Structures are given as C-alpha cells and as structure tokens.
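I would like the entire structure built from these sequences, with the hints used as guidance.
Protein chains in written order, with our numbering: chain A, -14 to 286; chain B, 71 to 575; chain C, 273 to 609; chain D, 2 to 330.
For the record, the hints were derived by calculation from the structure and aren't laboratory data. None of these values were measured; they are calculated from a predicted model. Keep in mind that a hint or two might mislead.
[Said to hold, decoys possible] Taking lysine to any residue pairs in the SDA-like style, the calculated list, with each CA pair at most 20 Å apart, reads:
#1 B:Lys469 with C:Ser474
#2 B:Lys327 with B:Gly520
#3 A:Lys69 with D:Val156
#4 B:Lys233 with B:Ala79
#5 B:Lys439 with C:Ser485
#6 B:Lys189 with D:Gly187
#7 B:Lys353 with B:Leu331
#8 B:Lys181 with D:Ile176
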Amino acid sequence: QEGLEGMTIGFSQIGSESGWRAAETSVTRQQAEEWGVNLQFSDAQQRQENQIRAIRSFVAQGVDAILLAPVVATGWEEVLSEAKDADIPVVLLDRGIEAPEDLYLTSVASDQVLEGRVAGEWLVETVGDEDCRVVELQGTVGSSPAINRKQGFEEAIADHANIEIVRSQTGDFTRALGKQVMEGFLRAENGGQDICALYAHNDDMAVGAIQAIREAGLNPGEDILVVSIDAVPDISPAIAAGEANATVELTPNMAGPAFEALAAYLNDGVEPEKFIITESRLYTAEDDPEGEAERRRDLGY
Amino acid sequence: MPDPQPILAASGIAKSFLSHKVLDDVGIELFPGEVHALLGENGAGKSTLIKILTGAYTHDAGTITLDGQPIHPRDTRHAQEMGIGTVYQEVNLLPNMSVADNLYIGRQPMKWGLVDTRKMQRDARALLARYDLKIDPGAQLDSFSVAVQQIVAIARAVDISGKVLILDEPTASLDQHEVEILFEIVQQLKSQGMAIVFITHFLDQVYEIADRVTVLRNGRRVGSRPIEGLSRMDLVTMMLGEALEHEDAMRIGVTRKPGELYASFKDYSLSGKAAPFDLDLHKGEIVGVAGLLGSGRTEMARLLFGIDRPDTGQLTVAGKPARLNEPRDAIALDFAFAPEDRKLDGIVGDLTVRENIMLALQAHRGWTKPMSRAEQAELADRYIKALDIRCTGPEQPVKFLSGGNQQKVVLARWLATNPKLLILDEPTRGIDVGAHAEIIRMINRLCDDGMSLLVISSELDEITAYSSRVLVLRDRAIAGELTGEAITTSAIMEMIASEPEARPQ
Amino acid sequence: MTRSIFSVVKPQFVALIAILLINWMLFPGFFNLFIRDGRVYGSLIDVLNRGAPVAILAIGMTAVIATRGVDLSVGAVMAIAGAVAATMVQGDGNALIVVLAAALGVGLLCGLWNGMLVATLGLQPIIATLILMVAGRGIAQTITEGFIVTFNDPGLIFLGSGSILGLPTPIIIMLTLALVTTLVMRLTALGLFIESVGINRSASSYAGLRARSLLIGVYAFAGFCAAISGIIAAADIRGADANNVGLWLELDAILAVVIGGTSLMGGRFSIPMSVIGALIIQAMNTGILVSGFPPEFNLLVKAALIIIILVVQSPLAGRIWHFAARPRTKRPEVSPK
Amino acid sequence: MNPRYWPLIATITIFVLAYALAVMQFPALFSTRVLGNLLTDNAFLGVAAVGMTFVILSGGIDLSVGSVIAFSSVLIAVLVTQLGIHPLPAFAITLLATTLFGASMGAMIHYLEVPPFIVTLAGMFLARGLTFLLTQDSISVSHDFYTWVRGFYYVMPGGGRLTFNGGLMLLVFAIGIVVCHRTRFGAYVYALGGNAQSAALLGVPVARTTIGIYAVSSFLAGLSGVVYSLYTSSGYPLAAVGVELDTIAAVVIGGTLLSGGFGFMLGSLVGVFIQGMIQTYIVFDGTLSSWWTKIVIGGLLFGFIVLQRIIIAASKRDWRKKKVEAVRA
Ligand SMILES: Nc1ncnc2c1ncn2[C@@H]1O[C@H](COP(=O)(O)OP(=O)(O)OP(=O)(O)O)[C@@H](O)[C@H]1O
Ligand SMILES: Nc1ncnc2c1ncn2[C@@H]1O[C@H](COP(=O)(O)OP(=O)(O)OP(=O)(O)O)[C@@H](O)[C@H]1O
Ligand SMILES: [Mg+2]
Ligand SMILES: [Mg+2]
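Shown next as structure tokens:
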C-alpha cells in the first residue's frame, strides 16, 4: 500500500479492556507498518479526558492525521475543531460521534444497532412461532454498545409476541461476570428450565455464560440457545461444539479502510464517504467456525 | 477569706463508663481568689471531674453552677466561652500545627475576614515571654519537648480563662524554674479574683500555692479543707484512706555498694544530640540523671536503648562487645526502657492492661512462642497487685485508665521482662504519693537484686533519695558527677546552674 | 448491665441475615438447596462461592488494615497471578504444583514489594500500593498480551469450579484459609503484634517488636491472598482475563473488612468477621441478580444497603436502641466522646 | 527555612526537573500550547483536588468525587437539554445538590461515627446510581452559553490558550490556598487532621467543620462537573470513573499526608501538573503499548514519590542539626 510512507499518524485508542479491543490495536499497528506509517499510539484507559488530551498533544506535535476510537459519542466538538483549525484530518474508528460532520474526514464503524438487530433476527427465525423466554447479558451500563445492541435486538423482536426478554442484567462485557450473572439467571428461572435463549452483548460474556449453563447441568446451544456479538476467536470452538449458536461479526480491521481513505485524501484530495460502515455478518455453525478462528488469528487476535 | 458566693460550683455529680461508676455524688466549690487543689490517688476521678466541669464529658447526674446560674456546658468550646480555661492532663494540643496556632485556635485575630497571622505570632511571642519562653511561634509544636508543649498549653488556658483556670497536673514534666514561673502567674491571677483548680501529686507544691484542698477517693469526695492547719500526714491519710508508712530509708543510695561492671558505653556521641560521653553502669547501682529541660537526658537514654544510633561509640555488656541497632537489640541484652512520653511511646491504647503488660516479654520471646493464657493472666494480676494499678480488670483497654495508672502499666511491662539494666525516664510522672513510695521501694529492691538502674527525673528529691551516683547533664553533655554523700539537692542545683552562659542558645 | 444487645449479637450477623431474608422475599427460591452429582447447588451456595474471592482478599486486607495500612493493589495482583498461572499451564504444560507455586510466589513478591515501599521507604500505604495497582495490570497484560489466555488443565479448573465434599472448591479454600489464618493469628502472638503495631507503632518498637518486618510480612500475606484469589478467578472462567479480573475488587475487599468491624485506623481485627463482611457484600450482589431489578438500579441498591448497615451498626443507633430498651435510666451513654 | 515547607519544595523541584528532562527528549513539549493544554485538560481534576486537599488534610478521604463529577455533568445536560433551563441556573441547581450531598455525607461521618472511607464509598455508588437514573445515554449539550464560554480564552504568546476552564482552576486554587491557610475554617481542618480529640478539647467545632469539609469537597466536585460539562459540552454517565484515585494521588504527590494534618494546597496543584505531565509525556512518546502505558505510569509515579522521599529525608537530617530549641532568657 502506498501513499502514506513516512507520515506520522496519531491513534487515540480507548483502552485495552477486551480481546477485541486488543485485536483492533494490533491490526492498526500491522496496517500502519504495511503503509509505512509512523503510528503515535495513545491508550486512554477508558477516559474521554485522556483522549481529548491525546488529540491536543497530537495537534501540538503536528501529526499528519489522527485516528480516534471514541469512548463516547458526545463531547468532541471543541477538540476536533482545534484539530480542524490545525488542518489535521481526523478519522473515527468503530463508532460514530454526535458532532458536525465537517469536523472529521470519515467514520469507519460498524452499525451497533444493526448488530443487535442481526442477532435478534437470527433468534426470530430460529424459534419461529414457539414461545421463547430470553435472558440478556448487557454490556457496561451507560456504554454505547450496550445501549445500541440492546436497542437493535429489541427492535428485531418487537413484532414477535412469542419472544420476550424476561431478565436483563449487566455482565460488564466480562467473562467472569457473564458467568456469575448467568448463574443468577439460572437460579431465578427454575434452574434454567424456563430459559429458551441467551443474548449476550459480547462473546466474552457468552463464553462465561456457557460455562455456567454447563455447570448447571444443561446443554448450552440446545437447552438454551446462545447468540452473541463480536465473533472473537474464543467463541469459535463453542460454535463448533454446538454450545453457542450464532455470533455477529465486528471486524477489528477498522484501520485498513481508514488508511485507504487517508491516503486518497492526503495525496489526491479525494473526499471519502462520510460513513464507511463495516459489515455485520452473522456466523453460525455452518460457517466453518474452526477455519474462521484460524483466519481470525491474522486479524491481530 | 473566700467570698461566700462560689464562682463555679458542682454538686451531686455522678458519672459511669459502661457499668463502671467513676464519680458518685461529688461536689466542689470554687471561690474567687483561691487556689483550690484537687487531690486523690491515681484513678480517683480527678480528671474525669474536670472533664465534666468543662463539657468534655456529659455527666449522668448532678448540677453545675457558674456565678450561681446553672450551666450545661455542651462542649469545651462552650466552657471556654464562659471563661473557663483548662489544661487537660495529657497534653492535648495539635502537634502538627504551629505554636501560635495552638495558642489561638478558635479565637485567632482577624483582619479583613482573614486570620492575621502576623499579629497572631506577635501576640504569641508576647504571651510566651511571660513564661520565659523564647521560641519561634511559627515553628511546629512537635518540634519542642513535652515540657515546652506543657507550657504552651498552660499559656493558652491562662489566656482564655476569665473566671476559672483549671490545671490538671501541669507541673508533671516541668522543672523547678518553670514551676516557679507558673506559680507567679497563678498568684497574679488569684489576686485578680480568679478561681484556680490545681491538680498535682506533689504535696510540696500543694502547700506552696493552694488555699484549700478537695480530696477524692474512689470517685467520692472525702472532704474539702483549708490548707492551713492541715498536716501533711492528715492530707495523705485523707487521700489514701490510711496512713502512709514513713519512708525511713530516705537516703538508701548512699550506703549501697556497687557490684561488678555490667554495661560500659565508651565515647558515645550523636551530633546535635549528645556530646561524646563515657558511661559505666554497675550491677546493683542506681545512677540518677539530672538536668534542666532540654539538657539532653532523654536523648542520652534513647542512645543507650538503641532508639537512635550513635555516630561514634562502643558498647561492652558483661565483658562482651555489643551493638545496638534498634530497641530489639537492647532488649536482647536484657535492657529495658520506660520512656518519658507514655502516650506516644509507652502505652498501646486499644490493647488491654494484660496485653500491654505482656507485650515486651512476648516480643522478647518471639511470636512463635506465645505465653499461655494462664501465664498472661498470672503476670497481669501480679503486676496489677504489685503496682496497685486501678482498673476494672486486666481486660480493660489501657486507654481508659487514668494517667498515673497508665504510667504504672508501662513500668509493669518492663519489670515483667526481668531486665538487667533498667532505664527509666521520668518514671514517677503523674503517680500518686502512695504509688510513688511503692515505686521507689521497688526500684531499691530491684537494685538489691543486682539490677542496674539509670533513672532520669526532674524531681531532685527523688534522685537524691535513691541514687548511688548522679550525672548532671547540661547542654547535651555530662557536666559533672556526684557520688555518695556529695549527692544533695543543692549540690545538683549548683552543678546545673554553673556556667549559665553555656546553656543552649 | 448497661451493655446493649449490639455488643452481644454482632450487628454483622444481623445485617447478613437481614439481607438474606430480603433476598428470600424478592425471590422465594432463595433458600432452596438441591444436590446433583454429589454437589450442593442453590443461591446460598452461590453467595459463598461467589463471595470467596473477595473474602480471600479481605483476609489479607484485614491484616494490612490492622496495621493502619491499606492495599489497593490486590486486584492487579489477582490479574498477575491469574496470568502467570494461565500462561504457564497452557504453554509448556508445567506440572500443576509448579504453576501454583509460581503464581503464589509472584503474588508474594508483589506483596513484598508493597511492604518494602511502606515499611522501608516509609511511603504512605495508599500511594505505595497505588503504584502496583496501576502498573500491575499492565504487567499482567504484558504476560497475556491483552488477550484472555484460556486453558483446559483439569487440575487448575478444579480450583475454580470443582467441588470437595459437595461444596465448590473456592468455598473450601476460603474457609480453610480463614481458619488457618485465624488460628495462626490467635494461637501465636502474631495477632497481638499486628494489632499493637497498628495502634502505636512507636510504642511497639520501643517494646521490642519488629515493626518493619511485621509490616512487610503483612503486605506479603495480602499479596499471597490476592494470588490465591486470582488463581480461583482464572480457574473459574478457565482463562486469565488480565484486563478485567479483580477490577475495583480492592474497594469491595476494604469494604468487607470495615463492615467486619476492623477500623481503618488500625488495631483490633477479626478475620472471621471480615469474611462475614465479604459475604454481606456478595449477598447484596446475588440478591440484585436474582431480584430482577434493571441493572441501572444496582448501584443505588448497593448504596442504600450500605447506608442502612452503617446506620444500624453505628454507636448512635446503639445509644438510641439502648435508650429505647431501658427508658428509665438517666442519660445513657455507651462511649464517651 | 521552615522544615514544613520541604515536601512542597521537593515536589516543585521534581516537577521542574522532570519537565526539563522531558523537554530535552521532546522539544515540542516546551511550548505555551502544551502548558495551556496542561491547564485546560486538568482543570476538572484540579478543581476536585482542591476539595480533596481539604478532606485529606482533615484526615479523611472522599471516594465520591468521580461519581459526583459524572452526576453533575449529566444533571446539567438533562436540565439544559431536556428541561430547557439556561446553563447558569442549571449550574446553580447542580452545585446546590452536590453541596447538600456532601454535607449529608459529612453529617453521617460525624454523627454516626462511620469512617469516611465507607460513607464516601456509599456516596460513590449512590451518585453514580442516580446518574444512571437520569440517563444511560450520553447527552450532547449545545447552547449559546457554552459556545460563548468556549470563545472566552486568552491566547498566550506561542499560540497556547489559557481557557476559561484553566483560569477557573487557577482561581479555585487561589481561593483554596487562602481558605486553607488564612481562615479559621482552614485552621480547623488542620486541627482535625492533627488530632481530632485534642481539637475537640481545644474548642474546635468538630461537627460543623466535618460537615463543612465534605460539603466543600462535594461542592468542588460539582464545580468540577461544571468544568467537565463545559470541557466536553456533554453529560456522560460513565465519565470520570476512577478520578477520585487520581485526585487523591495528586494531593498525596503534592506532599500532603494521607493521615491528615500536614500539607499545602499549592502542593496539590503541582501534583495535578505532575499527573498531567505523565500523561502528556506518554502521548508524546507514542510508542508504548496499552500495557506498557500502565507500567510506565506506575514507574513514573514510583520515581516521583521516591525522589520526594529522598529529598525530604535529606532535608530532615539537615534540619535535625539545627532543630528549633526552647531557649530560656
Ligand atoms: N473513657 C473512659 N472509659 C472508661 N473508664 C474511664 C474512662 N476515663 C476514665 N476512666 C476511669 O475512671 C477512673 C478515674 O479516672 P481519672 O482519669 O479521672 O483519674 P485521676 O484521678 O485523674 O487519676 P490520675 O491521678 O492517675 O490522673 C479510672 O478508674 C479510669 O479507669
Ligand atoms: N522522642 C523524641 N523524638 C524526637 N525528638 C525528641 C524526642 N524526645 C525529645 N526530643 C527532642 O530532644 C530535645 C531535647 O529533649 P528533652 O527536652 O526531652 O530533653 P531532656 O533533657 O530529656 O528534658 P526533659 O525530658 O526534662 O524535657 C528536644 O528538642 C526534643 O524535641
Ligand atoms: Mg488524671
Ligand atoms: Mg526527657
């Protein structure tokens, strides 16, 4: 890939809270290497103020472009206009923001509501007309993926009275809490007999929950359907073993399209599309889960 | 003659802590222009009564009147506003703040809504000058010795008091000179018509300054008498409930023959704290250490016990060279040290009397060899009896004991280790007459058993009573030594006072 | 006797039972226990099982707090120990005993480091352990490279989700550790020494205690406990999640100790009561899980319960209780102010 | 030189030294732009640190500040966008609410005799929980007033901006310094930190002071929420997670003893700068992985604190020799 050699690009990453996030970071590094870009990396440890600080420092350093994976959708106007005043293009990664569109070059992101909807539609299709009591493992309360993925899923099942979310708790996107909260669900729902499906906002919580289901003497994937989001490699063995049924892909390769857009813009002045939406594909046991897991290893996992 | 109308009066005061009745139907009347000594054994309830009068504790029953009006002091601030100034027994000041802050907290001079620090310091300097104390009022309080802090506390209380001044053992760590100054000021206040309450265990001071005494015993009032015509013997009998055996062996130290050399400190020094000195301590010998405030007595003791490490010096114990890096090493050599500041370095407040007594002995044995419960109980009971420690039992947290009884607990801790060299820094501070005699007897007995003692005391009578040798410190150096018949109060005073220009500047 | 009922019946037990009863009201099956495959299941067991990691942290934390310290790094040490165990067991197939020894050893080292900073350099405990709290998670992530390192070693997994005598292994580990620690503290003079140093370090060293070694030892023990907790947490999910394991758990552990009645100003401590404190916290969490409240209420419920416990435990409530119980006594007072 | 000033001097020296070293590595760090950013980006931390300094000086701790900041920013956002209230009255309502919140924590601490750690931990849960009740979403605030405030800055030579927020933080510190060192309230705070029991005996109004301290801390946390709101023009329920630890660290790095009674307000400002410097330095470096970032932050923290200890220890040795002494005429 050409067009960005020797350029310095700042990357403000949210943190390293999950395997997916770590993969996104390493893909970005790989991509930067391939493009010959000098990547200034900054980890914000989950804090918006650190991201703002990082962008300001990037501007002070005079980088050529900035990649920003925003921790939250709001609150970027001021600092992005500073970047704009300094003529530094900003590309948003993996989620959009609420700010005037002229403040950033483009946004490379998935549609989080769509992810939830894809998962919901899968469930609607799978259970058909049968009654289905669903338990939901939410992400961190107040985080945008949790809000959007919940919303999308609810939209998908809204017209299907037979499907109902009976319990919903936060598992903080973590495996340990996924397991612990699922245990609680199983206790509260008649040892799990009354649960038909589990919807988890990410794969990690699903992996934890699957263990809980198994330890409760039920068969995950059969007695309780499991659908989640992200398609990280760790869910693949479970899908292959039939313990998880479906997952929605969220690619960690956001940097590839971002660099392409930047190269075109910086060299040829081509304005890219404002929203580059990555695919939200559904993966099930039919999609060669083991091979998929292998392929994903290249994606920085 | 006291005015018939008392300034401050209390009657029927009762107070219990949990189920333990500390004061029972106690009363006191303070008349204008009198110095009223409040006396009693350790744990009699003197400090508790003071705290009730000044609003630090609430009382269970009884009334307090000020100028004939009943008052209910909510807290000490309230009492201060009513013109009652108090020095509580343990120095209750703020070690982290400046001297001036301590003198004026709560009533700082203000200018434009802000504290006028400059005026405050000026006032502080002037106030302390009355006590012959020339210190920097901006310096942090805990950079000064206990004695200086005591004077600061007194200066504050005197300054606050408009009607009543209460002093709870103010002279416990003061030397003669300070005591004289304090008494001058008390006389002055008295002539202005104030009432002064004075708690002490020094009967000489009672006779010197007091007009009347009230004696408490076991939380009850034994009686109030004018001091005139009250004999010493009667007073002691009032306090103890029995006559004190006459102390016949007033000069025991003189006749004692020192035994073999036990510990020998050679060329010990620590810059800024102790000039180089040599010190030989023999078995069966009591070495008294005298000196003025800040003359470095405590510093010497700290060096001898390995709390501070000397810059130079060698130590030989029982003929073998030894080194002291920390108190543990000293304890391993069978040294023991009862420090001067019992609140800070002595008692472990939340632990029980039993645990406090066994602590050093247990530390000596190591944590893996715990004493059995029976052994602990026996040890505690033995010392509670031997030193007459007044407590509800060995399981009472030591912080609830009266000041003098806490001091006894610290002594007991060290006696329990059966030391060969015992260093005592102001061992009788705050201890009542009965126990005082008992402790001196005990020091003698220990010495007869071959223990070597080094005793620091501001009470020259005490030092002359039992010492077989006296070291006089001046300006952090040994200024001289007295032995045998030469040990007299006046000889010590003379030695302290010589070369006055060499005092610390 | 003027002693109030609160000094006879520990308020912690009252709180625990009250919360369990509330849970039972919200979820009638709360006290149901059933046995499957020779193992007991039920919400009550969940409380014990899920409370175990915090309880184990609290055991170590109790000793630290008794010396007037605090250890903020335990969560990070959990992550490090878990990461070490997972990478070693999954990588070269080391024997379980070696893996465990290494993980526990690393925890001990972390604790020693904290202890040195506090006792030798004289740093303030909160800031000394904050250093490892920040850096430790980074160290753990360096070991796992930011991913969840999963493993399938049955021995290690047993520590998280196996059972002994019908009870989940973490419960057994927790109870054993609590028992052994309590016995060591109380049958030797160690407990007394720790309390003494916590109350008055200066007086303690005058009395010949090795205050410094004791402090170092206490932090090392806390690190050791954190390592046990980290191993259990990793074994539970069959993977070391260095990013998230033990996150903010140090606050729970401190809360458990304080609910258990040990003062943050040091001194008297009780290991069993700290364990009860941890169980109170977990009972709240489990109650929230089974009650079906929306998750945005979690924090409110927790805050409300803590405040209620505090009010009930406070000396003021004791005085009021006492006053109500014997209205005829004059001006009762439990402790002077 | 009064020995009490040594920790402060040590902290300032270390900051200047560290900044000089960093500039040698990255010359771009030496610009008014970076200094301006240091003020602006740490403004909310600084404002909260002023309150925390009072709390820590009094021997307490306040774990609720992070949550209170988030609560304030969200409450303002809700008031302004959903109820259409002008930001200024919204600020006033918020500050009133947080002040009352702090005062009730102080009252619990004093009257129930519960350790501040636990009360404020419950406060931390409560404030964050209330925030979630208000909204789970982040809310953008766009109001002319915000735009006006944003346009309100002074451009320093070299292009750096002294923003409203940065200025406000300096002002709050200035007031904090005066209150801390020159008022009775300030003296009471030190007194409580020195020895609460003695303070009570000396007539310090303990109840009033304790309640006041936590009210001030929460008021300033609320003000910090206002600053955060202006800074990001939004309310975000997950904002400022863990800021309480940063604030505590800033105060302690600034030379204040956590056990209470010793320290200076100015030190906290330097502590805030040191923390900001560490973050900025790491961004400028730009090569550290996520995990090495944490390790390096821990390492730098360690370095600062140890250096501070060494300087203080060295000064103490010097001071012991010239110890202030009682001198009699
Ligand atoms: N806070 C407390 N809790 C329980 N008991 C207490 C408390 N304070 C004092 N006491 C008890 O009250 C009794 C009287 O104590 P107080 O301090 O008044 O004695 P004192 O006469 O001042 O003795 P001393 O001469 O030793 O100072 C003692 O037995 C002591 O144990
Ligand atoms: N425990 C201690 N730690 C540090 N410094 C101390 C300690 N004890 C005393 N000092 C300091 O040593 C100096 C002199 O001590 P001090 O005045 O106690 O001497 P002293 O001769 O023992 O007199 P006295 O004990 O009668 O007051 C004082 O400045 C004091 O601050
Ligand atoms: Mg007394
Ligand atoms: Mg002395």
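**OP:** Would you list, in rising numerical order, the hints stated earlier that this structure does not obey?
**Re:** none
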